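Peer 1: Sequence:
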Amino acid sequence: MISRATTRSILRWIHLVLAIPILGYIYSPFEEIPQYASITRFVFVPIIMFAGYCMYAGVIFAVIGVAVWLGAYRLSGIGAAILSQVALFIARKIWLVIRARGKNSGAA
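So in the numbering used here the end of the sequence shown lands on 377, straight run, no missing numbers.
Please keep in mind that the hints were generated in silico from the structure rather than gathered at the bench.
Predicted, not measured: the structure shown is a model, and the values here were computed from it.
Don't be surprised by glycine CBs; every beta carbon is placed ideally from N, CA and C.
Ranges between beta-carbon positions, derived for each pair:
1) I271 with R368: 26 to 34 Å
2) T276 with L365: 16 to 24 Å
3) S374 with L292: 47 to 55 Å
4) M270 with F299: 45 to 53 Å
5) F358 with E301: 31 to 39 Å
6) I351 with I308: 14 to 22 Å
7) S278 with E300: 35 to 43 Å
8) S297 with R361: 29 to 37 Å
9) G371 with I295: 43 to 51 Å
10) T275 with I359: 28 to 36 Å
11) A356 with R281: 25 to 33 Å
12) R368 with Q304: 42 to 50 Å
Put together the whole structure using the sequences plus the hints.
Peer 2: Given below as structure tokens:
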């Protein structure tokens, strides 16, 4: 089995290396943007999000986060996708607080 440190290192490198095409997308000439738009939106950004969420909160949260992002973006656009991520982080925080309170009340 791979150690946690090795897993984090691999995820960091994936996160950093896949940011390079996004920088190319941002700084490329305006005429070339349509060529890279769909692959950037639906491949590179979700993979970067997945790697970041795995490092932050684990695989289950990463899968949920990327699925919510892609669904909201596809159905309603970037505004709804960003709002869905904010709602997901709030829901995760509420879940963590409730779970921590349950553990504390059971110990008393």
